[in-house]
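Trainee: Please work from the sequences and hints to get the whole structure.
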Amino acid sequence: MPTDSAIDPAIAAPVSRPPLDKETIYRHTVVVRITHWVNVIVVSLLLMSGMQIFNAHPRLYWGEYGADADKPWLEMTALKPDSDHPTGVLRVAGAQVTTTGVLGVSKGADGQPAQRGFPRWATLPSVQDLATGRRWHFFLAWLLVANGLIYLLFGAFNGHFRRDLTPTGDQIRPRSILASIVDHIRLKHPVGEEAKRYNILQKFAYLAVVFVILPAMVLSGLTMSPGFDAVAPWLLSLFGGRQSARTIHFITANLIVLFVIVHVVEVFIAGVGNEIRSMITGRYAIRTEPHR
Amino acid sequence: MRRPSVSRRGLIGAGAAGMGGLLLAGCDRLSNSPSFQTFIGSGEDLTFGAQRLLLAGQPLAREYSISQLSPTFKSNGTSMPGGDAYRALLDRAFANYHLAVEGLVARPARFSLADLKAMPARTQITRHDCVEGWSAIGQWTGVPLGHLLRTVGVAPAARFVVLHCADDLENSTDGSGQYYESIDLFDAFHPQTLLAYAMNGKPLVPAHGAPLRLRVERQLGYKQAKYIMRLELVDRVDKIKGGKGGYWEDRGYEWYAGI
Chain A
1 MPTDSAIDPA
11 IAAPVSRPPL
21 DKETIYRHTV
31 VVRITHWVNV
41 IVVSLLLMSG
51 MQIFNAHPRL
61 YWGEYGADAD
71 KPWLEMTALK
81 PDSDHPTGVL
91 RVAGAQVTTT
101 GVLGVSKGAD
111 GQPAQRGFPR
121 WATLPSVQDL
131 ATGRRWHFFL
141 AWLLVANGLI
151 YLLFGAFNGH
161 FRRDLTPTGD
171 QIRPRSILAS
181 IVDHIRLKHP
191 VGEEAKRYNI
201 LQKFAYLAVV
211 FVILPAMVLS
221 GLTMSPGFDA
231 VAPWLLSLFG
241 GRQSARTIHF
251 ITANLIVLFV
261 IVHVVEVFIA
271 GVGNEIRSMI
281 TGRYAIRTEP
291 HR
Chain B
1001 MRRPSVSRRG
1011 LIGAGAAGMG
1021 GLLLAGCDRL
1031 SNSPSFQTFI
1041 GSGEDLTFGA
1051 QRLLLAGQPL
1061 AREYSISQLS
1071 PTFKSNGTSM
1081 PGGDAYRALL
1091 DRAFANYHLA
1101 VEGLVARPAR
1111 FSLADLKAMP
1121 ARTQITRHDC
1131 VEGWSAIGQW
1141 TGVPLGHLLR
1151 TVGVAPAARF
1161 VVLHCADDLE
1171 NSTDGSGQYY
1181 ESIDLFDAFH
1191 PQTLLAYAMN
1201 GKPLVPAHGA
1211 PLRLRVERQL
1221 GYKQAKYIMR
1231 LELVDRVDKI
1241 KGGKGGYWED
1251 RGYEWYAGI
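Order-wise, the sequence lines are chains A and B.
One point on numbering: in this note's numbering, the residue at position 292 of the first sequence is 292, and numbering is uninterrupted.
One point on numbering: in this note's numbering, the residue at position 225 of the second sequence is 1225, and numbering is uninterrupted.
Hints are not guaranteed to be accurate.
[As the list claims (entries may be wrong)] Below, a sample of chain A positions facing chain B; criterion: calculated Cβ distance under 10 Å:
| no. | residue |
| --- | --- |
| 1 | Gly66 |
| 2 | Ala67 |
| 3 | Asp129 |
| 4 | Leu130 |
Everything labelled a hint here was simulated from the structure, so no lab data went into it.
No experiment lies behind these values; they were computed from the predicted model shown.
Ideal Cβ placement from N, Cα and C applies to all residues, glycine included.
Mentor: What follows is the structure, given as structure tokens:
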């Protein structure tokens, strides 16, 4: 029978009779599975509506203020915007890259090149509509916070964080960390007992997303609210101003995209069927012998 | 045992791409549905309720120092109202300007710019946050709206202050593009809510709303109505123009702009 033991190798119970070279453990509790898939949808749509909002002013600044006359550190814009062939560019800290078709200039609804930050296939809604983008974004933000609180409460009280995410003593030795880095570079995944727990880089990645990136995302988002700033002016000091908070909101969104890319690549390397099944049914197959 | 991992992987990949496409198309269709807009708008209602709860003690928006002023304060929306009436006021440096205060008030009144400047004034350096994402810091001097409202006496039934403006963003002939805004009494009586007549120590210029503009510091830029000609106290806003309480509200933006 599956138990709520998640992935602790000491108490993970085999499910039914495993084939000789395989055993199945109960890896993900139902709360982890549900909050995971809710997050897949909510975070995807938050990113898309976020790009819609960004497009209303595709420039980023540091400090309290920043508008057209001020110097941005990042900008998506068009060169010769009124010509037949405008050039889309991304400028970051003085460097300029041509990004026509994707950033700065991309096809509008009429198929003609139009000036816009992110392209229409990436934004929600696809047409330029700040009011609707904001409505989506704030609706989804409430869902993200509710979903996140459920996950955090569960993780804290059920032992998920302590048992599954906290690095163990043997994992945080420099030699083990180095070995894990080498394994990742060689795309080698642990088998047997070692596969029953998360590896150290995996734990670091999850801890960073859960306890640093997502909280920074939510707090920097709230700092952009003039109403919330009156409630918690310390947020402005924490992030170094409203425009810095907008910048950090953008950077953390990029870090989440980076995490998702690595996460999905790792899922494919580790075995996509097994990984997806474990996040749907909770059951995860472990090879008990080294794979040839 | 042969595991069909490749075809399954392909299937999942194709499925994910297909789902992605459907999701995009689906979200666009949902975005166009008024009832779905209302549904996701429930998030905005939640935000309004939560912020009002947290703002119950009427905390102040952060005030900045002179050294933090934006070198250039961006002028957005109208920078020079059209029409002869405004031109005539501007030509005489607003000497014949009057702010009308009417509706649900005990003593409807008209105030000249000199009358307003003779009232107790407040000066504050605050941040202006546009819904588009940019910010600018400016210094504002004006009469607290709360003081003016106490002068005319707010009728018990009044709930909103509607600000009627001189600018027509769509240059409409029927007045349908005339700018207007509304705030409720909770914000109207906040100590930082001003009818400002000076910016950065000088009389307001047309680009920033001369002769009189609103500062309601805990909300976004589109609430900061410029070129205010008339204040109207009402019990509800749904019978005015588009019915949503403001020019941008009638064009899809939220009435509460605290986020």
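Trainee: Hint by hint, which ones does the structure fall short of?
Mentor: none
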